[in-house]
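Engineer: If you want the building blocks of each chain, they are given just below.
There are 2 protein chains.
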Amino acid sequence: MNKIITISREYGAGGHSIGRQVAEQLGIPFYDRDIVRETVKASGFDMDTVEHDQEDVSRADFLLKSICSLSAPSYNDTQDAIHEVQRAVILQFAKAGPCVILGRCADDILRRAGVECLNVFIHASDVHRAARVSELTGCTSAAELQKMLAKKDGSRHTYYTHYTGKRWGDSRNYHLTLDSGALGYARCVQLIVAAAAD
Amino acid sequence: MNKIITISREYGAGGHSIGRQVAEQLGIPFYDRDIVRETVKASGFDMDTVEHDQEDVSRADFLLKSICSLSAPSYNDTQDAIHEVQRAVILQFAKAGPCVILGRCADDILRRAGVECLNVFIHASDVHRAARVSELTGCTSAAELQKMLAKKDGSRHTYYTHYTGKRWGDSRNYHLTLDSGALGYARCVQLIVAAAAD
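Chains A and B, in that order, give the protein sequences. Counting in our numbering, the first sequence runs from 1 upward without gaps. Counting in our numbering, the second sequence runs from 1 upward without gaps.
Check the hints yourself; a few may be wrong.
Just so you know, same-sequence chains aren't split out, so a pair can sit in one copy or run between any two.
As the list claims (entries may be wrong) - Computed list of lysine to any residue pairs in SDA-like fashion (alpha-carbon distance at most 25 Å, straight line): (1) Lys151 - Val193; (2) Lys151 - Ala96; (3) Lys3 - His128; (4) Lys166 - Asp153; (5) Lys41 - Asp153; (6) Lys41 - Val193; (7) Lys41 - Ala186; (8) Lys41 - Lys166; (9) Lys151 - Ala113; (10) Lys152 - Ser125; (11) Lys3 - Asp80; (12) Lys147 - Ile28.
If you're looking for bench data, these hints aren't it; they were derived computationally from the structure. Small disclaimer: the values here were computed from a predicted structure and weren't measured.
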């Protein structure tokens, strides 16, 4: 197994857990928080700014920002600057050898750089995701959970579309997409490992 | 293995060949031409009309028809009538037990009827698909091949969206999507069989 695996995922679909297990089974590094840490080191931005860069930008904020700037958001914009450093960090991790990289448009960043990857997208129904997020956060209000899913999905969609020009979750951007709610996490791990095999 | 497997696919992505091999490996029926034959028998329409129902409707034709009727296309419309008979044929095949069903919105038809399925979508890059279509048709003009891909994709997209209200190829409509160009047909067969296992 000589591949870099990127995992994009809907919020609450278990992408982190599945990605970690794939990396463990293959004996290769799993990069998620490390990307944040390295980006903080390299950019000078604080942990909180980098950590919430992707997740907390709402579609409305983003549109407003685009309209107010009267042009495409510039490289000097905090978000673009963080993305640029993150891009370099991801390329460096990929250069070091086979690994699993979670989120952050790694699929598109590596494709553009001509790095061979297995690109995976993981999704699940709202019912499955709400149950998972409830488990993780302790929140038991169905309305609150639904709001959290919609907000995170909106942010990820906006972020992905902005930086890649492609539709988040369209099967044609990935080599493999999986419904983790219907298939189960263990089956997803098995399928990704099988897809990555030589 | 106790599942019905539906396979939707881009033109030239090898969905027919992959579906047939999955059915052979699992020892279950593969329905493609049988759906056409049964629909001809049950509807009274001739083979040619039924056969080209899905494939040959261009997006422009479809829009024009919708505008001219000044309302949503009616049930008496040939296309809707064929779809309705095809729906019944697909439900009957599914009722008879595990099988592989190719195309024709079977994923959505069975989901609405509450039938448990594994829904698969198969796609590939234009380069891979053009090579495959060239092999199948003998056409060697790159421009002609590109035109064929665009026409068939347009028809399938329009047909799927019209009858399901969903976006053709969005990963969230399927349990598993595969890039057959990057993964290879044999690997796709292996992954579908593994995903369908109990």
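Engineer: May I ask which of the numbered hints given earlier this structure violates, with the numbers listed in increasing order?
Structural biologist: Hint check: 1, 2, 5, 6, 7, 8, 9, 11 and 12 fail, others pass.
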